[in-house]
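**Student:** The residues making up each chain are set out below.
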Amino acid sequence: MDLMTILQVLDSTVRLATPLLLACLAGLFSERAGIFDIGLEGKMLAAAFFSAAIAAVTGSVWMGLGAGILASLALSGLHGLASITFRGNQLISGVAINFLAAGLTVLIAQSWFQQGGRTPALLSGGRFGGITLPGAETLREVPVLGPIYYELISGHSILVYVAFACVPLTWWILYRTRFGLRLRAVGENPEAVDTAGISVIRLRYAAVLICGLLCGIAGAYLATALQAGFVQDMTAGRGYIALAALIFAKWRPWQALYATLLFGFLQAVALRYQNLDLGFITLPVQAMDALPYILTVVILAGFIGKAVPPRAGGEPYVKER
Amino acid sequence: EPALIFDLGGKFDKSFNEAAFNGAERWAKETGGTYLETVMQSEAQREQALRRFAEAGANPIVTTGFAMSDPIAQVAPDYPDTMFVTIDGWVDLPNVKVIGFTEHEGSYLVGMMAAMASKSGTVGFIGGMDVPLIRKFACGYAQGVKAVNADANIIANMTGTTPSAWNDPVKGSELTLSQIGQGADVVYAAAGGTGVGVLQTAADESILSIGVDSNQNHLHPGKVLTSMLKRVDVAVYNVMMAGADLESGVEVLDLAAEGVGYALDENNASLVSDEMKATVDAAREKIIAGELIVHDYTSDDSCPVLTF
Amino acid sequence: MERMPKWADVVLIPVISLVLAAVISGLVILAIGEDPINALNLMVKGALGSTYGWGYTLYYATNFLFTGLAVAVAFHARLFNIGGEGQAMLGGLGVALVCLYLPWPHWSLALIAASVGAALFGAAWAFLPAILQARRGSHIVITTIMFNFIAAAFLNWLLVGPLKPRGAMDPSTARFPEAVHLPSLHEILAPLGISFSKAAPANVSFLVGILACILVWVLIWRTRLGYEIRAFGHSEPAARYAGISPTKITVITMLISGGLAGMMAINNVMGEAERLVLNATEGAGFIGIAVALMGRSHPFGVFLAAILFGFLYQGGAELALWTNIPRELIIVIQALVILFTGALDNMVRMPLERLFMALRRRGA
Amino acid sequence: MTGQNANGARQATAAPGPQVPAIELRGISKAFGPVQANKDISMRVMPGTIHGIIGENGAGKSTLMSILYGFYKADAGEIVIGGNPTLIPDSQAAITAGIGMVFQHFKLVENFTVLENIILGAEDGGLLRPSLAKARAALKSLAAEYELNVDPDAVIEDIGVGQQQRVEILKALYRQADILILDEPTGVLTPAEADHLFRILRNLRDEGKTIILITHKLREIMEITDTVSVMRRGEMTATVKTAETSPEQLAELMVGRKVLLRVEKTPATPGKPVVEVENLRVVDAAGIERLRGVSFSIRAGEVLGLAGVAGNGQSELLEVLGGMMAATGQVLLNGQPIPLSGPHADGQSRRAAGIAHVPEDRQRKGLIMDYAAWENSVFGYHRDPAIGRGPLMHNAAILDHAEQQMQRFDVRPPNPRLPAKAFSGGNQQKVVLAREIERGPDLLLIGQPTRGVDIGAIEFIHQQIIALRDAGKAILLVSVELDEIMALSDRIAVIFDGRIMGEVPADQASAQELGLMMAGVSSGKAA
Ligand SMILES: Nc1ncnc2c1ncn2[C@@H]1O[C@H](COP(=O)(O)OP(=O)(O)OP(=O)(O)O)[C@@H](O)[C@H]1O
Ligand SMILES: Nc1ncnc2c1ncn2[C@@H]1O[C@H](COP(=O)(O)OP(=O)(O)OP(=O)(O)O)[C@@H](O)[C@H]1O
Ligand SMILES: [Mg+2]
Ligand SMILES: [Mg+2]
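Chains as they are written, first to last, in the working numbering: chain A, 18 to 338; chain B, -1 to 306; chain C, 244 to 607; chain D, 1139 to 1665.
In case anyone wonders, no lab produced these hints; they're calculated from the structure.
The beta carbon of each residue, even a glycine, is placed where N, CA and C say it ideally should be.
Check the hints yourself; a few may be wrong.
Here are some chain A residues pointing at chain B (derived, C-beta under 8 angstroms) [to be verified]:
no.	residue
1	THR22
2	VAL248
3	LEU288
Derived lysine to any residue pairs resembling SDA-like cross-links, with alpha carbons at most 20 angstroms apart [what the hints assert, rightly or not]:
no.	chain 1	residue 1	chain 2	residue 2
4	C	LYS491	D	GLN1486
5	D	LYS1379	D	ARG1343
6	B	LYS284	B	LEU253
7	C	LYS288	C	SER438
8	C	LYS288	B	GLY55
9	B	LYS27	B	PRO75
10	A	LYS336	C	LYS249
11	C	LYS249	D	ASN1553
12	D	LYS1355	D	ASN1195
13	A	LYS336	D	ALA1231
Sequences are here, hints too, so could you generate the full structure?
**Tutor:** Okay, structure coming up:
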């Protein structure tokens, strides 16, 4: 494999890792606050649809992004209502949200556009184009570093850079700010937070809404940057992969980056190579497709060290039984 | 009242199913008739859809896609008075009409155009589901390319092995980028809805693409070299016109019958030189005359110029 | 002292939740510019208006019966099995292997063998998530979801490769031999002088499903194992105190659950398609969750909920055929049912509890 | 009755003079669903005093204090702080009003450092760094002032409970609390640690702070409080000056009638050894060694009492013998070794071998709270061939039998169809006891037999234990109540930090000597 091929696979890795990363950080905020969220998938899907739909109608990708975020926030609010206010089962709420998004997006798409559950293809104004970073053209000819800068680092859509910037930002919020301290505390022991005079409910809603915001960006990225429009079920399990990455990352931001890059890489390889010839064995494409899922199970089985979730995770905060 | 069942991928795939839809719409407009329709969403629904329409008295029941063969073989004997039409499929029953196309011939022509338009000498092919039918496209295309430029390099990829491969624009787009990375400057997408992603990416990356089934030149004017037309619309229109009087049997729509061809319109006029057109038309005549035989992959499951 | 009477918990709350889900579904239909009353009419007529409709309703209900029971059994042990989909797919593989590669003199023998094959394969697919949960604490919700994806990829590989007959284009196995054809309700009812649509796929598996309901009821409420499963579900420390091994119960419960999900295949694969196609389960594994929640994990409740969802499914299919409402409406309805009966349960429960408390205070 | 008590309260607190009470509660009521935890409670606490609150388990003490701290919201009533009626809808309001609380179960974030726990909710700004620096300095001066030393950078889960309690106190002081509530602070402390705590509390009182102390130990009340309130079944039954009362009077106030604390029993006639434990070692899931080589034996017709501060390994010992935990070492039952690990080291095999177990935590372990009493009556014995055939259970027969059993053990109400959670604590305990005793086990393991049980039931339970002993069975009794151990046991062993510190015959044991051993000071008479 030559440098160009490697760069192309890595370039594809970055593109494919971006939605995973955003969703993974979204899950990180929510789960660090003690609210498990298997509804990442549904929120992304809803955001993908609404961003594409509004971008198609208005011709403005920014309006699309806003709509996508709003849609995702609405579902987050629903999840908050079910799991924080009404202390319902967070898993069941997440499952319901995934179904709701899967059904509603197609239903609305069909009703608005009559194109069999898609949005019209987005024209250039309705999409996030690639950004050429300063100096990319001039540096292009520099051996090795030039192509790396030009092919791999430059030329992505703005949302890719946003996603990567979210990693240090998340770290900083979590470990250097008052909000982060409280957020982590409420996921470990909500009673400690409550008795310290802080509202558990407000904190958790804040976390869930941040989760919605990030999922919204992830979904918008899928439909308006990676693709030019919405198609049915276009998230294709990315929400679940992001969850797996979150566990792999043990709920920490930098590790989330590495984990999602790994999964992105696996997807890139599976996309690029139909059957992967490893010399001694040829992996069929289905095995490549299943690899992220298999890897997740392996990770969960604890072969990579035990991942301890936030202690209060998944349990509604109930004071009075 | 006729009925039309679209395959997975949906009637707005801008390609195969949409061609069928257009044919039906033309019939409806011309005759003022109405027809029943539904879109398959999973393999398991096929029989139910056939039965439902047959129960409702629809006749003929037109289906698109080879995957309908088996369900039709199951259902058709239960409704001997109903005509079933399979486009791309194969069923040998007295009340089934089979319509096929010589896709390899049409692909041969667009392959020639690809080779002529390519500057790098590398062209790409992106298929949908990896089935013999799509390999037939690829093989015809490769033969056309080689006929123009024997040294040309042809990169062929399939999107997948399941029906979801017809509707995976993300993967289409990634495969296109990968082919561009390997030097391709013309890509031919024979992948149903997945092709939308291929054409989009080709346009984004400023290379030429070739559409399939429907005329897709308008999707990215000036960036789609041509489209390999497979006149599913004509087929659907014809059987709907015939209505209940439709005769069973096998019908193959070839170049001579204008069942396949390439698209030329104002969107790609600037891309197709007169010389190109002349060469391709000459080949077309030869094929119709039987002087030039394009190898059909499905005849012996092999391709002389391309390995998969 | 309970906060409210049992009947309110078992009947009133699900009914109110269901009504809420229905009302919102109606609003959704209205919002996409269709008439909910008309839609309901179409659904009722399409699903229950003819023996053809009933045939499909019962056919779908049979699928949901098995997956619903699967989820319900796991719920009793407080295990959330989202893997019904993958387990049912593998069950399909079991059925296909039994039907294709063994010679069968009569359908009844084939049905027994296929049931066993389906259950074994389904159970096998549930085994790894179960053992990982029990031994390593890997969250069963995530592992079973992953196993759904892996099952899909695995079946995909089999159906485009080893199991596809030579020369066939679509990814599916060959047709099963005529000998394993299961009698449809038409064939069963004809000798009794009852005419039932010949075209509908409901078949003898429906009766097997009812039998499964009864057996699950006996298992959960009449056997020592059921006693242990429920005890473990209520309290793991208490179960350990009583000498009930958490590992053993987790694994056994998931094997039973996976087996039930797998057995769905005798209906859709053996009874209907008579070959194994891709995505033969069509999401029935997920609907099992809604069915179990609605049915309060009780076999009889599951039975009623399965019929309800069978109705929704068939009605929804008809709706998609005759109106512009896409089939996805069913998914939305399903989501709303899960949401209201599962996640927003307390929204209905809390005011009701208060009401009953107030009534009792006044009564006292 | 309520009126009278309110009067009593007023008389008691009126004495100190014209001072304004630091806290006054007026007519506080609180219900949890059907349970009325607090009924129309009024109480006054004078500034600069230590005010004790006693009452049985479930009397509503914690609930009342949690209301004062804003953790729960009262259904009715008024809170007056320093003369001003104050609304306390949440803990923030309580903190603002100068109230700090150390809960029975600490409210600390286990994987945070001490410093992070201290600043949580009391940060100065959006960024953490300045707050941490400030807290570090404040901690230093507080530590010097009150003998409250803790490592500010230690992670909570790595430090002992005594230290964790200090963190809780520091949290309150850091927030400048004038009123400090401590809910059963000594339950988890060794006697020495408890003494240290009391020194700190006296210090704080002398500084003018007001302290409310909840405890079950009458000795502590007598030792440190100035005034004491007694709660029973959600009501405040009396408030008296400590100097003017006696433990006997307080006990009577607590349960509502004269209490006989002695147990009637004849001297034991021990037979052959039933259980011999040799060098038992246990490492828990977190890798901590809980038992470090425990050895003892119990003979037929004998009660061995195991005394010790909670958390020193007695729970693990019961769990090992009851088959809930794997261990190494050797245990002989009637001379036969029983497996300590592997598939046969489980509760079923133990029961089959003749070991019955009344667990310390009956609600979490001994019963399935959602099962009906009849279902619970075979819990653990549900594999017994006698109660069913093959895989099936004879539900009707079990129900019948449970009904008779409940009558014999005076379970109220004797309705086997009620779920376990519908019974009061004492009656739940009777259901467990009935199940475990009726099968005539060779060895009965019994943990905290009378925790949360009223005096009437205590007498009954004690009689049952002695009757079993007299029937020639061996009994291992674990209790944190030294009085109970001394009353029931024939021999007393003391466990400290996973080791048996020593063993004394019950008739020669003194509370003082046992207390020393419980604190880890070994006795000259060690066995
Ligand atoms: N959060 C809660 N939800 C429901 N009921 C509760 C809750 N907290 C306490 N109760 C009930 O309220 C009553 C009083 O409980 P509380 O904890 O105040 O008693 P306590 O006097 O502190 O007992 P202990 O000595 O065991 O600490 C009990 O019956 C208890 O079961
Ligand atoms: N969670 C609950 N659900 C229903 N009823 C309850 C619950 N908790 C308590 N009760 C009822 O409230 C009553 C008082 O309970 P509590 O545990 O305070 O009794 P108690 O006074 O401590 O009695 P005992 O001395 O027998 O322990 C019980 O008789 C019981 O019927
Ligand atoms: Mg308390
Ligand atoms: Mg009690």
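**Student:** So, for every hint listed, does it hold in this structure?
**Tutor:** We went through each hint and held it up to the structure:
no.	hint	in the structure
1	THR22	holds (7 angstroms)
2	VAL248	holds (6 angstroms)
3	LEU288	holds (4 angstroms)
4	C:LYS491 with D:GLN1486	holds (14 angstroms)
5	D:LYS1379 with D:ARG1343	holds (17 angstroms)
6	B:LYS284 with B:LEU253	holds (11 angstroms)
7	C:LYS288 with C:SER438	holds (18 angstroms)
8	C:LYS288 with B:GLY55	holds (17 angstroms)
9	B:LYS27 with B:PRO75	violated (32 angstroms)
10	A:LYS336 with C:LYS249	violated (24 angstroms)
11	C:LYS249 with D:ASN1553	holds (17 angstroms)
12	D:LYS1355 with D:ASN1195	holds (12 angstroms)
13	A:LYS336 with D:ALA1231	holds (18 angstroms)
Violated hints, listed in ascending order, are 9 and 10; each of the other numbered hints is respected by the structure.
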